[in-house]
Every structure is written in C-alpha cells, then in structure tokens.
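J.: The residues making up each chain are set out below.
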Amino acid sequence: MFPFGVDYYPEHWPEERWPRDARLMHEARINVVRLAEFAWSRLEPEEGRFDFDWLDRAIDVLAGHGIRVILGTPTASMPPWLASKHPDVFMTLQDGKRRTYGNRRNYCPTSETYRLYSRRITQAMAEHYADNPHVIGWQTDNELGGQTGGCYCEACREDFGRWLQERYGSLDKLNEQWGAVFWSHVYNTWSEIPAPLESGSSPNPGLALDWKRFASDAYVDFQQEQIDILRELSPQKFITHNLMGFRFDQLNYFDLAEPLDFVGYDIYVRMQWTIENEVDPSLAALGHDTMRGLKRQNHWVIEQQSGSGGWEIVSVAPRPGELRLWAYQSIAHGADGIIFFRWRTARWGTEQYWHGVLDHHGEPGRRYSEIQQMGHEIHVLGDLIQGSEVRAEVAILHHYDTRWAFQIQQNNPSFSYAEHVKQIYRGFYRQNVPVDVVHPATELSGFKIVVAPALYVLPGEVADNLQQYVQGGGTLLITARSGVKDEANAVVEQPLPGLLAPIAGVAVEEYDSLPSWKSNGLAFEAPGLEGETLESAIWADVLTPTTAEVVARYTREYYAGRPAITLNHAGAGRVLYAGTLAGSELFTRLARWLLELASIEPLLETPHGVEATARWKNGRRLLFLLNHNESSATVTLDHDYRNLLREGAVVSGNVSLAPYEVMILQ
Amino acid sequence: MFPFGVDYYPEHWPEERWPRDARLMHEARINVVRLAEFAWSRLEPEEGRFDFDWLDRAIDVLAGHGIRVILGTPTASMPPWLASKHPDVFMTLQDGKRRTYGNRRNYCPTSETYRLYSRRITQAMAEHYADNPHVIGWQTDNELGGQTGGCYCEACREDFGRWLQERYGSLDKLNEQWGAVFWSHVYNTWSEIPAPLESGSSPNPGLALDWKRFASDAYVDFQQEQIDILRELSPQKFITHNLMGFRFDQLNYFDLAEPLDFVGYDIYVRMQWTIENEVDPSLAALGHDTMRGLKRQNHWVIEQQSGSGGWEIVSVAPRPGELRLWAYQSIAHGADGIIFFRWRTARWGTEQYWHGVLDHHGEPGRRYSEIQQMGHEIHVLGDLIQGSEVRAEVAILHHYDTRWAFQIQQNNPSFSYAEHVKQIYRGFYRQNVPVDVVHPATELSGFKIVVAPALYVLPGEVADNLQQYVQGGGTLLITARSGVKDEANAVVEQPLPGLLAPIAGVAVEEYDSLPSWKSNGLAFEAPGLEGETLESAIWADVLTPTTAEVVARYTREYYAGRPAITLNHAGAGRVLYAGTLAGSELFTRLARWLLELASIEPLLETPHGVEATARWKNGRRLLFLLNHNESSATVTLDHDYRNLLREGAVVSGNVSLAPYEVMILQ
Amino acid sequence: MFPFGVDYYPEHWPEERWPRDARLMHEARINVVRLAEFAWSRLEPEEGRFDFDWLDRAIDVLAGHGIRVILGTPTASMPPWLASKHPDVFMTLQDGKRRTYGNRRNYCPTSETYRLYSRRITQAMAEHYADNPHVIGWQTDNELGGQTGGCYCEACREDFGRWLQERYGSLDKLNEQWGAVFWSHVYNTWSEIPAPLESGSSPNPGLALDWKRFASDAYVDFQQEQIDILRELSPQKFITHNLMGFRFDQLNYFDLAEPLDFVGYDIYVRMQWTIENEVDPSLAALGHDTMRGLKRQNHWVIEQQSGSGGWEIVSVAPRPGELRLWAYQSIAHGADGIIFFRWRTARWGTEQYWHGVLDHHGEPGRRYSEIQQMGHEIHVLGDLIQGSEVRAEVAILHHYDTRWAFQIQQNNPSFSYAEHVKQIYRGFYRQNVPVDVVHPATELSGFKIVVAPALYVLPGEVADNLQQYVQGGGTLLITARSGVKDEANAVVEQPLPGLLAPIAGVAVEEYDSLPSWKSNGLAFEAPGLEGETLESAIWADVLTPTTAEVVARYTREYYAGRPAITLNHAGAGRVLYAGTLAGSELFTRLARWLLELASIEPLLETPHGVEATARWKNGRRLLFLLNHNESSATVTLDHDYRNLLREGAVVSGNVSLAPYEVMILQ
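Chains as they are written, first to last, in the numbering used here: chain A, 8 to 673; chain B, 8 to 673; chain C, 8 to 673.
A portion of the hints provided could be inaccurate.
All copies of an identical chain are treated as equivalent in the list; a pair is satisfied when it fits inside any one copy or across any two copies.
In silico BS3-like pairs for lysine-lysine, Cα to Cα no more than 27 angstroms straight-line [as the list claims (entries may be wrong)]: (1) K624 - K455; (2) K429 - K455; (3) K180 - K92; (4) K104 - K92.
Hint data in this document are derived by calculation from the structure and do not stem from the laboratory.
Extracted from the complex, chain A is given alone in its bound form (with noise of 0.2 angstroms):
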C-alpha cells in the first residue's frame, strides 16, 4: 500500500475531534500519518515522568480508520522545565551569544547535558512503542541543521579540539596544512584554537572548513544516538529522518542519511518563507534528486505542502491543483510516500499561518477536495508505482565541502555554488533528460555524463574517481573553480583545475573576476556549435591548452581571442572544461550539445512549464506529465498511451493539459 497520509499533532486539539478526523481521513483514503514529533511536553510534562495515554489513545482512534503511524523523537523543541533547569543547553551563535527559551532547534547538539534527555525520551519511546503493531516507524528529531550554522559554544569549541586532534594527530600537521604561520596564528596547544566566532573578517580557511565539517558531524553523532537506541529497542520498524532537500547547506546530508531506511524529505514548492518568489518547479525537482541521490534509492516526502505557507507571513495561496501537482512531482522523482504538512491550520504558535488540508476552523474545503481526489487516485495507482524507479544517465556531483568552502570564500560576489548547481541542473531538466544528483566519490561508470560544478575542493580520490571514469569512456563537464583547494581548503601549489589538469588537457594561465555589470562573450568553434555566440558572466578563466581543442574563445577584454572552453579526449572519454561560472543560455546550450555527444535522449520534447518524467518497474515506464503553467499547454506524444489518471484513457498525437494537470501514462 502505497503510504499517503498527513502531519497530525491530536495533542493540539480537543480529544473528542480525534474521531472526526480520522473519519475525514479515511475518507480521503490517508493511510498513515507522522505523530509526535513535538510533543516532548506532553510525552514527558515533567522531567522522568512519562505520559503515553493520550498517544496510545490517539493511536487507536487512527487505528480504527486504519490508518498507521510514524513516531518522531520530540527533540527538536524542548519543554520549558528543561530549558529552565540546564540553560547551559541552548546553542551558542557565531556573535556569540547564547540562545534563550522561545522557539525549536535552539540546543547545542554537542551537550551533554541535551544528548542525555535526548536518549531517555528516545528510549522511552522505544520502549513503549516496541510492539505497537500500528507505529511502522520512527522520525529522528526534525530538520536537524539549519542554514545558518550550527553552535559556537564553548563546549563545541573544547570538542572542536579533540576533532581535530584525531583528524590530524599532531599540531605540527594542523599548523602546516592550515598555513597557521599566516598572521602568526601558530598553535602550540590544542586548547588555543578558537571557534571561528565573528572576528571582523573571514577567518583562516582551513580552520573554517574544518569547523563546518565538524558542526556537520555534531549533529550526525546526535542522531546516531537515537538511532543506536531505536535500533536495539525497536527492531521491527524503519527510521528515518526529514531533510530539506538541495536548500540546507549546514550538513553533511550523505553522512546524515547512511544510517537511516530511507531518507525523508520536507518539500514546499510555493513561497514557503516570504511570497517573494515564483514557484520554480526545477527547484522541487532538483530537491528530489538530490534526496534521491543520498542514498541512491527512493525517498518519502514526510511534508508535502498543503496550503500557504507563513509565519509572520501568509503566502501566496497555493493555485487549485497545485497541491496534487507538486504531490506527483515529487513520486515521479522517486517519492515512494507521501505526507502532507499539515493535517489542520494550527489556531496557535509561531506557525499558524503555516496552513494546512483542513483551515483553522476545521471544515473541509478546497484543499481538502484536492487530496481526497489524489487519495483515491493513488489508492488505485499505488501498487503500480511503488518500488518504481527513476533512471537517469546525467549525473551532477554535489559536494559539501565544495558548497562549505564557497560560504567561506564566495571567490566573486555573484557567485553561488547552489545558484551554479542550479542553472546546470535546469540545463538538463527544461529537456527532461532524468539526473541524479549523487557524491563525488560515487562509481560514476553507469552515467554516460557526469557534470562535476565548480568542484573547488578536490580530494585526491574525487580526482582518481574522475580520471576512471573518463578514462573508462566518460563525459565530464567541469567548471570554473575546480581543483583549486586540497582537503585542508588551501590553495593548492600547481596550475588550475589542479589534479584534473591532466584529464582536462589545460592549464588556468590566469583569471578575472567579472563585476556584475560585465559579461564576456563567447564565440564557439567547436563541430556542432561552430559560428555559435553566447554571454558568460562571473569569472573567467583564461586557458592554455595543453592537450584540449578550443570549444570557444572569450571577445572581449585583455583576453580576446583566448581560450574559454576546451574540449580533450582521455582515454575513452572526453572532459569538457568551462572556464566560466554562469550564462543564463550557455548551460542549457551546453547540455544539449552534450546530450547528442553522449547520445542521450530526452524522454519527450514539451513546451516551457511542461515537466515530463519517468519512473520504470519491471521493465514498464511509467511517464509522468506535469503541466506547472496556470494555463493549459499541449504536448505531442511520441505514440499511444494509457492515461491512468482518467481510468486508462488512451492518448496520442497532440495531448492538451489543464493548468496544473497531471497525467500518468504507460
């Protein structure tokens, strides 16, 4: 049964509404829902004294819809009496100061002190939910990270120093890697090293790299404690955890989820945070790739937008249909369940404005209608699509130390590795070709292109992974930027892209940082592009081949006339060297000239806004077409299909969507 539910929290209203709800649940077909997960206060509403009544009870009233239950640790927000016993527990910010009572996600997850109530609440529940034939699951905690760094105490300090004692062994080794001669910043105790707390400029890059991958590991060593305990408590059920997709950059997601059954994913494709923005339905599918990519298999969604989004703020109401739209945009990028945030509009707290299926009063409405209609949808389809799977021959390296060293040192002010990532990743999906967003380090042998985006920092097994895979017959992109820093995020002694110089067949001669108001052109000579021009922006690298064919020279500036992008056989593959970090054409351009060199086809040609996707089982594709425009748009099938969204019509020729319409075909 394919899991389709909602994020309830019965402990936020009256006990005598629960069986309606779960009555308007079942009716819209909700076969699991997500408890728990902050209801430390009522779990344990004094410290050491637990209170499951009221969940068992809530429980049973889903139970008897049959519906099924995840459990979260309630970790992520602490009850007051903790708070107001160990003030020592709240996290400490890069100014300095340490948190105070009022919000979630605000302890320092290196305390000792938290981790302590950490595991007792966690194994409490475990113990207690060990055997309850109705909780499939567990969530640990929830979003753990942020996107603004994690704790700077003095605790995490003190532990900053054992990391790094164990990474690298002796101060003689840290002073040297880190160029600590730099500024006299020699260390002769472990105790000297400071967090990179604010200073009035950018601290030593090795120390910050080294900082963020250890405030990554503080969360992950976190939530390996709940696991362990899970584990051996409650055998029978799976964990998981809810990330946020491509859109944090605090943690090591690889790390986060490779412990976990599978990952989770929060997705909010409409204005979740101001209403500012336009939806960008690549930004949802990137997000999806990039879960997916984890741990290369399917994921959940454990929420699924169900309204505007808003705290301080109401957003943007999302559009009729909308909701079920981005629901099977998110299956067709490889969701094997879906759970929409949030049951009902919450009447209090920092997110009453974070609306859910049901409004605050309560009753049915539209939103409501648009989830029963996919409840009874996906009741029909969902043996069908389950265990699917999404293949793609693109693959996109997304690295974290990369991404780190980047919030380091931007390198230019328009530049962002995420914003890079992005505009090649688009390059791919406006012509529907599948990517999988996988680790540098992965076996790369099964993709026939491999784009590795300003890969800045360049562990030498990255680089032996690389020259493999083109050796072996590959296509690598890569950009701008890469091979610049070793591991200890010090710029490395030979000429750029570093250790891909040898499969790029060029060396970075030099390079100019654009301002914003300037681009450089770029005029193409290379078969298939030849008499071409197109705009670049950001940085430009000046190239001197080596071994590498000219793909195109920059037209203006000192470097006129020198090469920009160049083209080298290795091997039985070829690198293809983008001395450049942006072009709002250029990577789209150069994806399809890349898609025919590969030989890749795109699963179907479709007019802008329209997403085709595909998802295969047993050796059936199931082709998912998703039509984001508020207007209706028409496509031209390649043959016959069966639409099993409208019972199995039969389409062909030229298919006209709806706004926001879904098909499934097979």
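Got chain A; can you put chains B and C on it based on the hints?
T.: Chains B and C in isolation, oriented as in the chain A frame:
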C-alpha cells in the same frame, strides 16, 4: 488666554541672557513656557541634594513678563551619578544587551530603584512648586515609550510572570489560551515563562501580545506613580504628558492618557528624522485627530516644530510660512494650546541641529518673525478659538492590541496597519470630512459612519459594540483580516470574519496573500458604483455572502468573478465588508460612496493640498482654510465669510490663498 | 639606489625555495624587501623564547643577491599563546563586545599587558638586528588604526578619564564646554564619564569628538613606545610605518607620522575589497598627495598592488600594464621607494586571494614580467628620480578633527567630508595642477591658492593662520559648514562662518539642507563667469554679504536670487565663499576660475584619463604622462622632450600613448 509658548531651557544659557529671552518672548506674545523636563542634574546635582534656586529665579524672570510655566518632571534622562551608582536601572534590549550611559529614555520602567528616584524628585518638585502661582501645570517625564519596544531585563521578565498570573489565574488557562503545546512550550511554573528575546524566529503570538500589553502597562504604571504624588501634593495644577500622535506604537495611549487632565502632543511635520520624506499634511491631521480622540476632548501641542529638526542630520528648512501654517493646522484640529519646541537652538548635545525659534547665535530672524506674527494673531483670536469643538460624523477605530498583533505577525510583507489606517483616513481627509480616531469600545451612536480597519484582534465586547452600533442604524466599514484573532492572539475557530460574520453577512471562504508586484482588479456592481473598476492590493479575501449583496467582484486569478466587497443590511444599519487591505484610489472611492450613503456633506470642496476643517463654539463655526502648497491656490467659497486673520476682511466666491496661507473664516 | 622591492614572507615557504625566490627577485632588479611584519609566532614561538635563526638565514639568502631588508615589528597580529593567556588584550567594539582570536589588528592599544609584550618583542628584534648591515630600516606594526574606530573597553574608558582630566583640568570646564547640562549629563566625577558605546542615538558631540582624539592618541602612543626602543637600540636605521592614504579616517596621521623618518603608504588602486568599483586614478593621486603632505616630504610606497586583491572575494584582475602604471603614478606623486605587496600569493590564510607578483604555484607569469620590466627601468632612471620634488602652488587643508566631527554628525545624508575633499581635489587634478594636502595650521604663504573644504571644527589658531595667509595676498576658497564648531564640537555663538566671517565678508543668514533628489541652480555674475549656470547640491547657505561681492545666486526655492557664492577682498588677498557642498561640475569650474585669478598654469592640457604630473630636481623637471585609459590617447606636447623610458627617444607635437602607457619626459 489661549496658551501660546515655547519650550525653554534656561539652564542652557547664562543667567544674564534670561531677561532678554523673556523680553523677546513677551514681544512675540508668548504667555507660557515649559521648563525643566531634562534638568534633573541641575535640580538634584547630587543624590538627595535638591537645588531649585536657579529655577525659581528663571520662573521669576519669566513671570515678570507675564509668562506662566509648565514644569516637566525630569525623569526622562537620568543624571550620571544615578547611572553610575545603579547600572541595573538601564533598559535591556530585545537582543539581551543592557543599555549604558549616554542618551535619554534609557531606563527600565519596572526598575524599583529607578522608580524610587523618580518618586523622590517628583515629590521634591511637587512640594517646592505646589504654591508657586506662576507654575500652572505639570508634564510627566517626556515622550514615554518609543517606537521600538520596552525593556526585556530579568526584572521585567519576573514582573511579566506576576502580570500573567493576574491575567490568567492559572497556568492551565495560560497554556491553553496561548496554545503552548505547540512546539512543546507548556509551562509548569510561572518562572519558566521567558521574555520574548530574539530567538531566531517569531515567538508564540499569545506570549508576544501579552508581553506588549505588559510593557505598555509598565510605562502607564510608572507615570501613575508620578501623577499620584502630583495630585496629592500639588492639587491645583493640571497634569499632562507629551505624546507622539499616531506615530509611536508601543504604548496604549488610551491607558496613558486616562489619568491626565488633557493630552499633550509633540508634532514635527517636516522631516524630523531624515530629510528623505516630503511633508504629508494628512499625517499631521491624523496625529491630531488621534490625540483628540484619546480622551474625546481638545488637546495641547506641547512641542510644535520651530525649525529644521536633526540630530546627526539637519533636515530641510521649513519654508517661510510653514511653521505658522502647521500651528494653525494644530488648532484647526482641536489644539487648545501651542508650545513651540524650542526657544533657542542648543549649542551642544545630541539635538544641536534641532532648530529653535532663535538660531544658535540667539538673534531674532525669519522664524522669530513668523512666530511673533502668529503670537499677535492669537492674542486677538485666542478667546474665540479656545474651547471650541471639532465635530466629526465619521469615526475610525484605533486598536493598539490589533496594531501590536500585526507587529508580531505582519501577514503580508507589504502590509502595515498604520499605513492601512492612513490610507482610509486620507479618503475622508481629502474630502474635508472631519474624523474622530477613537477606541473600539467607545460609544459610537453619535457617528454616521464608523470604520474598523483590519480589526484583527477582536474582543467580544467590541464585536457587541459594533453590532449594537449597526443595529441602531450605523454605517460600518470593515476590511480584510478583521475578527481573525481572539484576545489571546489565537486564530478563532469559526469562519472569518469571526464574531463579525453575523453583521457582515459574509464568510471568507479562502484568502490569497498577494506578492508585492501583483494586484487584483475589482469590478463594481452596487448602485452608484456599477461599471467602475479599481485595483486592490496586498490581500484578497474570497467571499461567500450569506445575507450580504455583492458590491464588487475580483477580475483576475482563479477567484475572478468571486465577491470581493459586500454590503449587508443588519437592523437599521449596514455593514460594508472590503476583503482587501489596500488600493491607492480604492478607499477614497469607498469613502465618497459611504458619505453619499450616510448623507454626510464635506465642509467645502478644495483643490489638492488645501485643507478645510472647522471648530464650533456656541453654535458658530470657525472654518480654517490651510494651503499646504508651495504655490497659491484658489478656493470657491459657498457664501460670504469674514477672514479673521485679516482683521475681518470679507471674502467670497473665488478666493486665492498664497503659498502656505491660512484663513480663519466666520 | 632607488628602493624597488617586494613584501616577502619566507616563513610561508619551504627554506629550499628561498634561493630561487631571491634569484627571481634579483632578475627583476629588486633591491629591497620587507620581512617579518606578521611573524611574531615564529620570532617568539613561546612567551619569552626568541628565535631569529630562520630570519637571519632568510636575510642572508637575500643579501646574497644584493637585496636589503626592512623589518616590521610583528605586533599587528598576536600569537595564540598570548591571546590564550591574556584574553583581556582584545579590543572591545562600540557595541560592547570583546573581540576574540582569529584575525589581526584585534588588540586594545591602551592595554598595559599588550604594550608589555609589544615592547619586549621590539626590544629583542632591535637588539638582535641593530648591527646587521643588511637591515636598513624598521616598519612599526602594520596599518595602525582602521576605518571603524578603536577600542571601547573599560581600560580605555578609564584612560579616557585621565586624558580628559589632562585636557580640561576641571570637570566644571568639561561640563561647560561639552554642554553636559543637555539631557542632564553633568558629571560629578571623572569616573562617571562613559565611553560612547552604542546607546540608541548619537552621543554628546563634545564627548564623541574627544573620544576620537583620545582613540587616535592611543595608537600614536602605542607606536611611540616602539619607536623609543628602536631609536635607542638601533639608531642607525630608519623608521617608517605603512599608512593608508586618504582612506583610513580614524587616526590623526599628522600625529602618527611626526616621529617617523618618512611616511610609508599602502595603496591598492583596483578594487581591493569588492569588485564593485571602477578604478579612479584621482583617488590614488589624492592618496599620495595626502601622504606626501603629512611631513611635507617624499614618501615610500610600502605596499604597491601586485595583483587582484581579495579575501573572500577575488577582485577584477589588473589589466596588463596597470601595475607598472600605478607604480609610476606613485613615483610621479613623490614616492621615493616602491615595494610591491606581495612576492608570492599565499596558499593559506585570510589573504589567499591577495595576489602577489607570483601566483600560488610560484612560477613567473605576466605580472612578474611587468614588474621585471619596471625593475630594469628603475635601475636605469632611479638616481635621476630619487630626491626630486613635487612642487604645488595649490594646497588643500585636511583636518582630522573636522573629519571626525562629520562622522559624528553627518549634517546631510548625502554628505561626506571625504567625498567633498575628493570633489575639490579632482577640480585641480583634472587640469594637471599639482596639489599639496596639508595640515590647516601649516605655514601657507608658499601657496597661491588654499582650499579649506568645509572646515567645520575651527580652532582659533587655524582661523588666525588663514587670516594671515589672506592678508598676505593669498587666495582662499572656503565652503559651507566652515567655522561651525569650536574645538569642543559645540556650535559657535556668532553667525556663520564664525571666526572666518571677517575675512569672508559674509554672514550665513540661514541654510537649507537639501534632500537627495533636489539640487539648486546657481546663476553666476562675477567677471569671467557671468551668464554661466551650474547646479549645486546637498547644502545651501543663504548668504548676506557684509563686504563681499556676489559671485553666484540661487535660482530656485524661496531663496532664489539670494547670494550663494561670494568673493571678498581682504588685505592683499581674497576669499571665495561657496555656500554649498557639492556639484559635479561646480568645483571643477571654480578651480579653473581660481587658477586664472591666481595666475597658475596647468602642467599640460591632456585628454580625459591622461594624467600629467611632475617632479623637479636641480632645476630640471621630469614630466610624467600616465595614460589611465584602456584605449590609447593623444597628447599635444608644448615642446620637444626626451622620453626617458624609451632610451631617451625624442617626442614632440602630437604623441600617442598606448593603453596604460607611461612616459617620463625631460
């Protein structure tokens, strides 16, 4: 005798200069001055040693020229000896940092220590001046509150606990009404409840609103201690305070004004803080109407702008005639006393560029001449004006709870409660229709039209008051986001507009929060408006009328054709529900339509920038014409008048007003 | 031998590399390097243990290639062991937060502890190198001061009390001169006086200005302690410091330069901090003229840009020829030594992207070739240049008290003292008229024109100096906001321009501070300007001439027709008073008019972007032509010259300069 004066700081100037100042004042027909509001370090040079000699002498010099005195209690700025001895009296900001010495308005209003010193200096002054016949009144402190919240210190936090205990009685009730279960914030003891310090996101809305109420009460209490002493020891003199009009938004001015004999108002019309704004005379008018509405009685201006404002910045110089024009505007809106800030520009201190009637050098110039001219005019006309009344048939409800709740949750990034009220106010102001700005629980039957802009937090008794008003025949305009919250700042459980739904005859089926670059069209169909189209912005309620008729429908988005504005007949009255929050012409058009429906006549039609307003006394009307333009303007009078400012010259038909000219017509 | 060198950090590179570096330097005709300025943790690896061996070896290697050494005292960046043992040595910011480890320039300059360590390392170095013949001079610390104020710690606050006691003698005098009575800030004890920490608004201007003087003195004292030691123990070597031109504005550079043998200057012409600015060669010129003016003697460039700057950001690459062009511009403005920063780009640390002559990889490239070319040229021409003088007939007064007072009170949001000086400077720069930037109390009789831009804080002796200059026949230009303040930063009691009114022959009747979107027209009527019109901005003094003639009148606003600029004859000289602060063409036009009045001839007429300047020696002139354009430009020469950079080729008539070309003509 109409009070006409200046704020004077004799302690800033050599005693030899005082007689000349007094003589120059007298020659400008100045009859009242405010003294001593910042003179604490002169009045109590050391702890417990009081020195009133210099002030007595200054009062004598002024009295010798027929000038009477208002004394300020000097507690708005503490002397160094107090700060140095008691660093705990300083205010703590929301970021947890305690203020240090160097400014004014930097004390914690709940500080027991500060209150002790405040009572002591107040008592000493009250005793010393109780029988001084030249001292006619007291001003408490100075501009209490501010625009950016109060103190967040530990003492305040503890006091907040006591305040909550009084309000809620039990923690169970507080936890329930705040919905503290959200994110596990259920409190087991009163002392666990935090102040809403910065915590990385918005706090629980219930806690946040109660904190704002508490912080306002703290200042009201602080003032009350001084008033109690003054009433007891100096019972013959009036007590006032200088408030900040519609601008300051952290104190409940209804509460603050309650114990005063009359409201004082500090008004700076032209660019007081920066020079980046143009003058908007409607804001000055709104300020006055707000101040007059606090006690439904005439007010004084305690600080009327006398020159360019400025701290670090010198603002644009008031144009010749503007100072007088603005002072007459104050009178036209109900001021029964005008005191210019300040007599002579300070040579030192933060307000070095807050220009007085005299420049730094102390010689009379252009601004002195202008004030002198007015002094002579007021000397003649003052008795005629004083005590006359502004009469308004339109009321706008001003609700601090609502204003604060919108500070906590803005709902839409383009929304501001203050701007919304201003937009509605301007709709009437531009048509020369007097408005009272009043408390929502005021008896409303005297008004033909009542506007309740975005009455977000709606207490039951206010809903009852509005219902009674409408049933009795009133015309009520309510706008989107009304009736959303209960008094604990929780969203109500019924469909919106909540408690107002019965009289409005509509339900809000759903709503769309618009991005800043979008608006929606309105197509009108009500009689008198049919066929017209206008744009609305920020917010769109999609309405389902129950008993109401449709006034206008949306023209775009998925809710095109759905009702946006409705009119409902209820009892002997009617309710216009406008499901939007902005529209540059919309509220002016609706005001005109409502004025027709309610049979209200404007005072006069005037060209842009010419304001007409009136005061009544003994059945006779004084009509004020104020030309705010920098060019002359022609007004067509409805019959013959005497222009009291030109010795009663008769004017009629088309009369031309010079730039910044004022006419008082009878 | 003309000093031509690089800043070199042998401690950053393996010792095996040193010989190759020295050889490459020698091949570029480098004859001097600066060493050791950030090497504290290598020189004193543990408290009290000194290690000079490595530095001795490095000096030997360099000396072996004929390269001499300047040593920096390494106190700009403390080693971890010091920070760890004495956390109280860190600077406290204006927000009250103490800095922590991780950067440089983070110590409190009044800290007795830090000064102890500073003296100790200085003494050890002085003793060790006193007799080393290869070490020719000392640099104290590095770039003392900064752009954002100094330390605000409790120790500084106490020291400030002592400093004030020395300055004022009595609290009565301080209270009176500060006008402390304003807002009751009258101090009873010295210890009550606060540091001007952030307090929510601007502090008392008197206190704020004295604090800035005190903070400047603290650094001057700090340096003096090092100089005293160096003079005593190492008397044969010169002492300099690397200052920051016109840009840094928190230290009184006249004071800082006083005890030095000559001024050093760190100049980065192209986009050192961000890449958002275009190069403006006039700012580099102003920087040099400011540095040369500190001691009225030639200076050195200690850090001349050698590549893209950058910390987190890589700035735009210097174009081919720019590095050499800028270095010749330095020389053209009086530099008698050129040291490029830095030899090789650091592979680690905050300045990883501060590009040296060599790239990270250490191989010579484009930039090395360019420096090498110049090295060979200087090798030939150095003796001719060295010791030659820049001769200016125009002086601009630069007044740190005034600059600081405008930092405290900006007067108008668009106003910047620095920008105002730049605008005036450009008026002369664009006409190729040399300018000296000098102290206001300097003997001025040697100048034909003196400009006193916005001389806001006006000491009596400066007023006397200007009066004497004018009486003696000088031509003085003063601008609005001159003579406003006394030395305690109080507004003067007489009409403006205060003490300058007698020689200016005008009184400022009133003033208008203009909003950013407004300007006012000026209609000229003085001979030579009559009939011309120009726009003025930011500020408008409305003038009443007493003895002056009107040069220009305003054309708009209520003061249209009133005088804006006047010319007064006083003694044998004249004073032009410009009652405005900006105008993009205004000050260029006024400069041209003044040059005619004062009979000063430009060096040469050149097209836009081509700078002509000159140095004189033994009665002969070296004329420098600098083409700052990225295209070639044609200059018409006034007679035949030899171009010393092309082996004395004779040029005459129309000569074409290639992009970034330099000519030295004799």
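J.: None of the hints should be skipped; say for each whether it holds.
T.: Evaluation of the provided hints:
Taking CA atoms no more than 27 angstroms apart as the test, K624 paired with K455 passes inside one copy only; the shortest distance there is 21 angstroms, against 72 angstroms between copies. Within a single copy, K429 and K455 get their C-alpha atoms as close as 20 angstroms, which meets the 27 angstroms cut-off; across copies the closest is 59 angstroms, which misses it. When the C-alpha separation of K180 and K92 is checked against a cutoff of 27 angstroms, the pair qualifies only between copies, where the shortest distance is 23 angstroms, while the shortest distance within a copy is 41 angstroms. For the homomeric pair K104 and K92, the shortest alpha-carbon distances inside one copy (19 angstroms) and between copies (23 angstroms) are both at most 27 angstroms.
Figure legend: structure checked against the earlier numbered hints; every hint is met.
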